[in-house]
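Colleague: Put the two chains together into one complex, using the hints given.
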Amino acid sequence: MGASLVTSLTIFVLAIFVGFEVITKVPPLLHTPLMSGSNAISGITLVGSLISAGAGMTALSTGLGTLAVIFATINVVGGFKVTDRMLEMFKQDKKKKK
Amino acid sequence: METITNLVYLLAAVFFILGLKLLSSPKTARRGNQLALVGMLLAIIMTLFDKQIIDFTYIIIGLVVGTAIGLYWAKVVKMTQMPQMVAMFNGFGGGASALVAFSEYSRMAGEPRIDIAIALILSLFVGTITFFGSLIAYAKLQGIMRGAPIVYKMQQVVNALILIAIIVLSVFIMLNWSLWGLLLAIVILSAFLGVLGVIPIGGADMPVIISLLNSYSGLAAAFTGFALQNNVLIVAGALVGASGIILSDLMCKAMNRSLTNVLFAAVGSEGGGGAVGGEQKTVTRYTAEDGAVILDRAQSVIIVPGYGLAVAQAQHVLAELAQILIDRGKKVRFAIHPVAGRMPGHMNVLLAEANVPYELLVEMEEINDDFQNTDVALVIGANDVINPVARYKKDSPLYGMPILNVDQAQTVMIIKRSLSPGFAGEDNPLFYEEKTMMLFGDAKKMVTELVQVMKE
Numbered sequence: 001m002g003a004s005l006v007t008s009l010t011i012f013v014l015a016i017f018v019g020f021e022v023i024t025k026v027p028p029l030l031h032t033p034l035m036s037g038s039n040a041i042s043g044i045t046l047v048g049s050l051i052s053a054g055a056g057m058t059a060l061s062t063g064l065g066t067l068a069v070i071f072a073t074i075n076v077v078g079g080f081k082v083t084d085r086m087l088e089m090f091k092q093d094k095k096k097k098k
Numbered sequence: 001m002e003t004i005t006n007l008v009y010l011l012a013a014v015f016f017i018l019g020l021k022l023l024s025s026p027k028t029a030r031r032g033n034q035l036a037l038v039g040m041l042l043a044i045i046m047t048l049f050d051k052q053i054i055d056f057t058y059i060i061i062g063l064v065v066g067t068a069i070g071l072y073w074a075k076v077v078k079m080t081q082m083p084q085m086v087a088m089f090n091g092f093g094g095g096a097s098a099l100v101a102f103s104e105y106s107r108m109a110g111e112p113r114i115d116i117a118i119a120l121i122l123s124l125f126v127g128t129i130t131f132f133g134s135l136i137a138y139a140k141l142q143g144i145m146r147g148a149p150i151v152y153k154m155q156q157v158v159n160a161l162i163l164i165a166i167i168v169l170s171v172f173i174m175l176n177w178s179l180w181g182l183l184l185a186i187v188i189l190s191a192f193l194g195v196l197g198v199i200p201i202g203g204a205d206m207p208v209i210i211s212l213l214n215s216y217s218g219l220a221a222a223f224t225g226f227a228l229q230n231n232v233l234i235v236a237g238a239l240v241g242a243s244g245i246i247l248s249d250l251m252c253k254a255m256n257r258s259l260t261n262v263l264f265a266a267v268g269s270e271g272g273g274g275a276v277g278g279e280q281k282t283v284t285r286y287t288a289e290d291g292a293v294i295l296d297r298a299q300s301v302i303i304v305p306g307y308g309l310a311v312a313q314a315q316h317v318l319a320e321l322a323q324i325l326i327d328r329g330k331k332v333r334f335a336i337h338p339v340a341g342r343m344p345g346h347m348n349v350l351l352a353e354a355n356v357p358y359e360l361l362v363e364m365e366e367i368n369d370d371f372q373n374t375d376v377a378l379v380i381g382a383n384d385v386i387n388p389v390a391r392y393k394k395d396s397p398l399y400g401m402p403i404l405n406v407d408q409a410q411t412v413m414i415i416k417r418s419l420s421p422g423f424a425g426e427d428n429p430l431f432y433e434e435k436t437m438m439l440f441g442d443a444k445k446m447v448t449e450l451v452q453v454m455k456e
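Residue numbers (the numbering used here), protein chains in the order written: chain X, 1 to 98; chain D, 1 to 456.
The following block holds chain D by itself, in its conformation from the complex (with noise of 0.2 Å):
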């Protein structure tokens, strides 16, 4: 019987990896996605004709209960909370993890094996911190807090000391494995590393700390796996955790940041904000009929979208907008920067509900060359991304992250609220160019605008 549990566990495993493997190409990620949840069912039912299991109430009842909360919760968000419903879902994968730590120590007869301790003290303190770092997370992007990091003095000193301690009781009840009040404190102490961990983390930076919970709750599942000697969560816990890895990574390059630095930093205000310098330069003002005529004039354009659209909702206009621009026969496209949206790959979720073909959305790498041969660039809604001291000023927060060549388009459209430098607090040199036109508004107005007239 064993034998077969672990069979079929393999079997689970592979459908994992090609699950992952098919999420390579549009085409085929869908049926990757359901791949990867034969292997989740082919696991669970494996599990359930464990001898170890006498009583099947409460595993019905959590079933039950999981997949309901799971089914809705998932058929009722919107592209745009996309962000911290992965992360409290990351969080509850976490939890899941540390409670199941918990629950195998609380039933453990006698002395473990040395790693099968260290194996579940490791589950249980990554795993709380998972969960309690993913619901600031969630608090944060759903502005249930601010936005802002919070900040106070010694903050890394007090996480350190925190740290030293959990590795303090670990050791205390390596010696002594039946003070469970010490297990508790190690919890304990856990979330609140979880909780400051999270809170001094700017808006912007949210797509590096999703990607870590994610590589996080991955390896919370391999460190159970450990202590329940069971490869598929190794495995399982494994593939999620390089995943994590990766973007997170992915992200910081993005941003021209070390890992370190979005941590650590507490960089970033609310939404941006910040002084504006340089008030003597001058902008000139274009209104939605201006834009329409040189929009109508242009071959080729290229939009560029960021953060705002999303949070203006301007998505769905902004497609049609893309839309009659096709139908006149221009050469239509959108440039996607990886941070643009609050986690990796958002804003193309986002544009491919609004139903913009994905062969339109094109990547920075891709499409920077092109813009020198583009009539217009259309910005909507970004900011720091399109900011050419990125290139050149030295003493900069944006110095040296690669952005998207819209300077050099024959015109960039800039639709924005104000002259606000973005979330770096960077002022932006572009607004003042000649060949900039800013159209002042909020986003979805003013698309809208841009529709209507062009439509005229």
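Just chain X, same shape as in the assembly (with noise of 0.2 Å):
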């Protein structure tokens, strides 16, 4: 405990003030691009699944650290790339077809 604790504290209580700032921002129009946007996001737990699943320790260690790896790419690949795909169908109003 001490100094590192109230370092990373910091870190949290600051990012969600800074969640709730840019957050309360994002339209309504986009709140489902934002939902798997932002899950995509959470999937960030792929950086400590990495370590876990190439440290190399224990079979246990590595196996749950793999599953883990695959958990969290889904995560981030499958977010990211239904965002992109949902984005892509926001379109302006092109006045007059044809």
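FYI, nobody ran anything at the bench for these hints, they're computed from the structure. Be aware that a few hints might be false.
Said to hold, decoys possible - Now the stretches of chain X that chain D is said to cover, found in silico as 3 or more residues with beta-carbon under 8 Å:
#1 5–11
#2 26–34
#3 38–47
#4 51–59
#5 67–80
Note that this is a predicted model, so its numbers are computed, not measured. The C-beta atom is built at its ideal place from N, Cα and C for all residues, glycine as well.
Modeller: Shown next, in the form of structure tokens:
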């Protein structure tokens, strides 16, 4: 405990405030892409999974780590891809077709 | 090296924040998402240089398998199925955090610092709940499981007991860190809590639950970040956690319910239904021909789409109808209620997919004063969100819920399969009003007929 925990907590609390500020500005129009996009960001846990899977400690830790990599990668890749697919569909009125 | 890694992680966190910031406008949103992706790639690549990694075999296997599944799923998913897919992705994120926590525990030598131990247990707890809760949400939305709430006696008591057991076990394991069986017990109990927490949630409360699971997946990542003392996990997790909480709060407000009420009250039945009261009231049936005549005479039309539209897959033909009306010089807009759909903003995505320009999609607060100057309000597959009872009937479950002022339009045209009340089980007096035209039928069939008649 001590300084490092306090630093981590500080970062956490400030990040939550930043999150509130940024996200309240997202219009309801884009709430679904916001969810799938932020969902992809929560796949950041992949960073931790990679070390678990690659540290080669015990069979158990490697196995759990590998499964974690699979889960987190689905989350990241699928999340960003589907968000992009959705956002591509949001088009402006192209005044008078044909 | 460690300094460089941390600086790159900081850069990744900045990209995440900027990415979310760009999501505030549909013009820049796509770029925002790509920016967040770049941040993620930076963080991943930097991590691969970590000196703890000695073997890349399993990393590569994991990345390849995960990418294949994720890409395939994201490509084939239908826009109507977006809620269950997002739910499941949330689950995977939470599950990954829990797995990392367990893996981290299994390779830990000796007693960890108390704050790291707490963070590990929290990550395991929240991550497991997220995973199993999401599985249930997925099953309900996908129709594998009945959407209606599953309730039994002493439900809350059982959940509370499980929670207490988890806390007790956590204390024990912190006293003797080597008892890994206890940790496994925590995982199993958390899994139960995840399942039991979501089964009493009714179909129409799903927007809240998905937002909440989104928040949990972020919190699980943040706790993992505390355990690994990795700041990028903490920042990204906090951002997602905040986002999920804001969205759940918005959804609760749009339904005029508190979060505790949604989580514990088990409201609703499968897709509405319930007893229909007041049979003596009469309703005039109209045909598509009648509807087309009225629409043709109207100068301004506001279309109110509800979830019934999505169920009937009628968004494309509705977009065609809107285009015909626009081509004839009428002012056409879509009024979007916050809970129209199975997740926040779902209806906008469905209409965007049908090529409706987003300028025509108007939020409730912005359009509500315009109904009084509108000739026709065309309601498709929506009921509770237009029920005027919400304004005055104090004992109604809908009372106080913000609704679309559809009843102020000159003519209200409602396409609906039957007179059955909506999710809240409340009869809608608007159906029986003189200015209301009821067009009974499946949303897709009826709108298709309207299009055909209009074209003739």
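Colleague: With reference to the structure, classify each hint as holding or not holding.
Modeller: We went through each hint and held it up to the structure:
no.: 1; hint: 5–11; verdict: holds (count 3)
no.: 2; hint: 26–34; verdict: holds (count 9)
no.: 3; hint: 38–47; verdict: holds (count 10)
no.: 4; hint: 51–59; verdict: holds (count 8)
no.: 5; hint: 67–80; verdict: holds (count 14)
In summary, the structure agrees with every hint in the numbered list given earlier.
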